[in-house]
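Asks: Spelled out from the first residue to the last, the chains are:
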Amino acid sequence: MGESRVWKGDKPEVGADEVRSRKWNALDPTMAHPLDDDVQDAEEKIQAIQKSFESIIIKDSADVEVTTTDTQAAVNLQVALQAAIALIISLSIADSERADEVTQDLVSKIKTSQINQQQTYIENSRGVKVTTTDTDISVNIQLLLQVLITLAVRVNIL
Amino acid sequence: MGNRNNDISEKTLNMLVDSVLNRHGVKLSRARISPREKQQLRRLINDLRRNVDALNRTQRS
Numbered sequence: 001m002g003e004s005r006v007w008k009g010d011k012p013e014v015g016a017d018e019v020r021s022r023k024w025n026a027l028d029p030t031m032a033h034p035l036d037d038d039v040q041d042a043e044e045k046i047q048a049i050q051k052s053f054e055s056i057i058i059k060d061s062a063d064v065e066v067t068t069t070d071t072q073a074a075v076n077l078q079v080a081l082q083a084a085i086a087l088i089i090s091l092s093i094a095d096s097e098r099a100d101e102v103t104q105d106l107v108s109k110i111k112t113s114q115i116n117q118q119q120t121y122i123e124n125s126r127g128v129k130v131t132t133t134d135t136d137i138s139v140n141i142q143l144l145l146q147v148l149i150t151l152a153v154r155v156n157i158l
Numbered sequence: 001m002g003n004r005n006n007d008i009s010e011k012t013l014n015m016l017v018d019s020v021l022n023r024h025g026v027k028l029s030r031a032r033i034s035p036r037e038k039q040q041l042r043r044l045i046n047d048l049r050r051n052v053d054a055l056n057r058t059q060r061s
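Sequences listed follow chains U and R, in order. Going by my numbering, the first sequence opens with residue 1, and the numbers climb by one from there. Going by my numbering, the second sequence opens with residue 1, and the numbers climb by one from there.
These are calculated hints, taken from the structure and not from any lab test. Virtual Cβ for every residue (Gly too), placed ideally from N, Cα, C. Possibly wrong hints are sitting among the right ones.
Claimed, not checked - If you want the ones that stay clear, here's a sample from chain U, every Cβ over 10 Å from chain R, calculated:
1) W24
2) N25
3) L27
4) H33
5) S55
6) I58
7) A62
8) A86
9) L91
10) I93
11) A94
12) Q117
13) I122
14) E123
15) V130
16) L148
Unchecked claim - Result set (DSSO-like, lysine-lysine): computed pairs, CA atoms no more than 30 Å apart in a straight line:
17) R/K38 with R/K27
18) U/K59 with U/K109
19) U/K23 with U/K109
20) R/K11 with R/K38
21) U/K23 with R/K27
22) R/K11 with R/K27
23) R/K11 with U/K129
24) R/K27 with U/K59
25) U/K59 with U/K129
As the list claims (entries may be wrong) - The calculated label-pair distances, taken between Cβ atoms and stated as ranges, are:
26) U/Y121 with R/R49: 12 to 20 Å
27) R/R42 with U/A94: 17 to 25 Å
28) R/A54 with U/D63: 25 to 33 Å
29) U/A26 with R/D53: 33 to 41 Å
30) U/D36 with R/A31: 56 to 64 Å
Based on the sequences and whatever the hints tell you, model everything.
Replies: Next comes the structure, spelled out in C-alpha cells:
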C-alpha cells in the first residue's frame, strides 16, 4: 500500500465529479468542517463556564439512530446539586460569610472541566448508530451528589 | 470490588469535607436545622438522587 499523502497536508487528487459536488470529506485536509462557520469559539469559551454544547447535523442520510444525553438537563441538575450543598451548609453554619466561603471552597474542589463542545456531522450515510455522552458533566454530577450525601449524613438528615 | 470502591470514595469525600471545614475553622451544627427543615431536605435529596439515577440510565441506554 502506498504511503498516504493526505495527512502530510498535500492536497489530495480528486476526480472531476468530486470537485463539482464539493461534498465535505473528513479525509481531505483542505476542506473546512461544515460546522466551522457556526461556532464562535473564543466568545463561547469565555461565556460558557458551566455550559456544554452539542450539535448534531444529519444530511442526505437514512436509518440514522442518534442517542444523546440531555446536556441542558444535566447542567440544570448540576446547579440544583450545588444549590442543595449551599443550602445545607448555610443552614448548619451560623456565620453566613463563612458558610459562603466553605461552599465555594467545596464546590471548586470538585469542579472538573465543564466546557465541552460536541459536534456530530453525518452526511450521505445509511444504517448509522451514534451515541454521545458528556462524560465530564456526568462525573461531576456524581461527585456533587456524593458530597451532598456526605454533608446530609453529618447533619443527621440521612 | 464495587463496594470497596464506594468505601474508598466515601472516606475520601469525608476527608475532603473535614479538611475544608477545618481550614475555615467551622463545624456543621445539627442543632441549627429544625426537624421540619430536615424533612424537607431529605425529600429534596431523594428527588436529586432519583434525577441523577435517571440521567445515568439515559446515558447507559
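Asks: Please go over all the hints and tell whether each is borne out by the structure.
Replies: The hints, checked one at a time:
No beta-carbon of chain R is positioned within 10 Å of the beta-carbon of U/W24; the least distance is around 29 Å. With a cut of 10 Å on Cβ distances, U/N25 stays outside the contact zone with chain R, its closest approach being about 31 Å. For U/L27, the condition that its CB be more than 10 Å from all CB atoms of chain R holds, with the nearest at approximately 30 Å. For U/H33, the non-interface assignment is confirmed: its Cβ lies about 26 Å from the closest Cβ of chain R, beyond the 10 Å cut-off.
The claim that U/S55 lies off the interface holds: its Cβ sits roughly 19 Å from the closest Cβ of chain R, which is beyond the 10 Å cut-off. No Cβ of chain R comes within 10 Å of the Cβ of U/I58; the nearest lies about 20 Å off, and the non-interface call holds. The Cβ of U/A62 lies farther than 10 Å from every Cβ of chain R, with a closest approach of about 23 Å, so its non-interface assignment holds. Look at U/A86: its CB is around 12 Å from the nearest CB on chain R, clear of 10 Å, so calling it non-interface holds up.
A beta-carbon of chain R comes within 10 Å of the beta-carbon of U/L91; the shortest separation is about 5 Å. Listed as outside the interface, U/I93 is inconsistent with that label: its C-beta sits roughly 5 Å from the nearest C-beta of chain R, within the 10 Å cut-off. Distance check on U/A94: its Cβ comes as close as 7 Å (rounded) to a Cβ of chain R, failing to clear the 10 Å threshold; non-interface status is violated. With a least beta-carbon separation of about 18 Å from chain R, U/Q117 lies farther than 10 Å from that chain, consistent with its non-interface assignment.
In this structure U/I122 is separated from chain R by more than 10 Å, as the shortest Cβ-Cβ distance comes to about 20 Å. Chain R leaves U/E123 outside its interface by the beta-carbon criterion, the shortest separation being 26 Å against a cut-off of 10 Å. Residue-level check passed: U/V130 sits 14 Å from the nearest beta carbon of chain R, beyond 10 Å. Under the 10 Å C-beta cut-off, the non-interface status given to U/L148 relative to chain R is violated; the minimum distance is some 6 Å.
Taken as a hint, the R/K38 and R/K27 pair is honoured in the structure, with Cα atoms around 18 Å apart against an allowance of 30 Å. Proximity of U/K59 to U/K109 is assessed by CA-CA distance (about 42 Å); at most 30 Å being required, the pair is judged violated. Under the criterion of a C-alpha separation no larger than 30 Å, the hint pairing U/K23 with U/K109 is inconsistent with the structure, at around 46 Å. For the suggested pair R/K11 and R/K38, the alpha carbons sit about 24 Å apart, so the restraint of at most 30 Å is met.
Distance restraint check for U/K23 and R/K27: the Cα-Cα separation of roughly 63 Å exceeds the 30 Å cut-off, and the hinted pair is therefore not satisfied. As the CA atoms of R/K11 and R/K27 are separated by approximately 18 Å, the hinted pair is consistent with the 30 Å bound. A threshold of 30 Å between alpha carbons decides the hint, and for R/K11 with U/K129 the separation of about 40 Å lies outside it, so the pair is violated. Taken as a hint, the R/K27 and U/K59 pair is broken in the structure, with Cα atoms around 58 Å apart against an allowance of 30 Å.
Of the pairs offered as hints, the one joining U/K59 and U/K129 holds, with about 14 Å between alpha carbons and a cut-off of 30 Å not exceeded. Range check, U/Y121 to R/R49: about 36 Å between beta-carbon atoms, so the 12 to 20 Å window is missed. Distance hint check: the CB atoms of R/R42 and U/A94 are about 22 Å apart, consistent with the given range 17 to 25 Å. About 28 Å separates the C-beta atoms of R/A54 and U/D63, a value consistent with the hinted range of 25 to 33 Å.
Between U/A26 and R/D53 the Cβ separation comes to about 37 Å, which falls inside the hinted range of 33 to 41 Å. For U/D36 and R/A31, the hinted distance range of 56 to 64 Å is satisfied, since their beta carbons lie about 58 Å from each other.
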